[in-house]
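At position 88 of the sequence shown (counting the first as 1) the number is 88 in the UniProt record's numbering, and the numbers step up by one without a gap.
Do not take every clue at face value.
[To be verified] Ranges between beta-carbon positions, derived for each pair:
hint, residue 1, residue 2, range
1, Arg12, Gly206, 18 to 26 Å
2, Glu221, Gly165, 18 to 26 Å
3, Ala95, Gly10, 23 to 31 Å
The hints are simulated quantities; they were obtained by calculation from the structure and are not laboratory data. Please read these numbers as outputs of a predicted model, since none were measured by experiment. Glycine residues also receive a C-beta, built at the ideal position from the N, C-alpha and C atoms.
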Amino acid sequence: MNTAPLVLGGARLLLDPSGALFWPEESLLVVADLHLEKGTAFDRHGLILPPWDSVETLAALEDAIERHAPARLLALGDSFHDAGGWARLDRVLKARLLAIAARIETVWLSGNHDPEPDPELPGHRATIASRGPFVFRHEASADRTGEQIEISGHFHPKARMRLRGQLIARACFITDERRLILPAFGAYTGGLDVSDPTIAGLFPRGTTIFMRGRHNIYRFERAAA
């Protein structure tokens with residue numbers, strides 16, 4: 001996979017086609033919105049989804065870890081689709097998460113789907129994290145205060161672009177000089193178009209969009225609405 005470089009606040013970041021963010025200087029891998037066990041959560045409500053979302057999502061996470069070899073892992077909330085997600089997680093997948101946390105410093109931020117991560121979930125828990133020029137949280141704050149650049153998830157941003165004559169819609173990173181929103185990392189996650197006022201309103205001066213491809217990241221600019 002080919003990462004795309006991004007410089008924010010003087011820090012050089014790498015945007016990964018998997019949807020992860022890697023900060024080499026801090027050896028930090030950041031992911032958002034894993035939504036583990038979404039399939040089983042829907043099944044409990046009579047909505048049938050294939051039960052393989054956690055398998056696919058965890059495999060993608062392990063692959064990103066193998067490629068970047070981070071010392072730290074930060075998940076920006078909604079790591080599980082609901083409060084019972086950890087309890088429903090297959091024991092083999094639990095063991096794989098335990099193995100990750102045993103060798104990598106892992107922090108789980110609270111999200112709106114998992115405001116109180118299960119106490120058995122390995123790693124540290126927080127509602128917000130701060131490191132260098134960045135503040136990390138689940139959902140972008142509409143009223144930005146302070147000097148730190150905000151990195152968040154929650155909105156599952158998606159964008160459309162015309163490529164080789166075809167209109168393509170893909171998950172994306174979206175950023176300006178004040179904030180960066182990551183795409184959802186989970187296998188069974190929908191998305192909100194970047195033109196939606198909920199997202200567009202956070203970027204009144206226009207944005208840079210990094211669209212996820214299978215092996216590459218495609219960058220393009222979007223003017224203010």
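Hints, one by one, checked against the model:
Under the hint 18 to 26 Å, the C-beta atoms of Arg12 and Gly206, about 22 Å apart, fit the expected range. Under the hint 18 to 26 Å, the C-beta atoms of Glu221 and Gly165, about 21 Å apart, fit the expected range. At roughly 39 Å, the beta carbons of Ala95 and Gly10 sit outside the given window of 23 to 31 Å.
Hint violations for this structure: number 3 only, all remaining hints satisfied.
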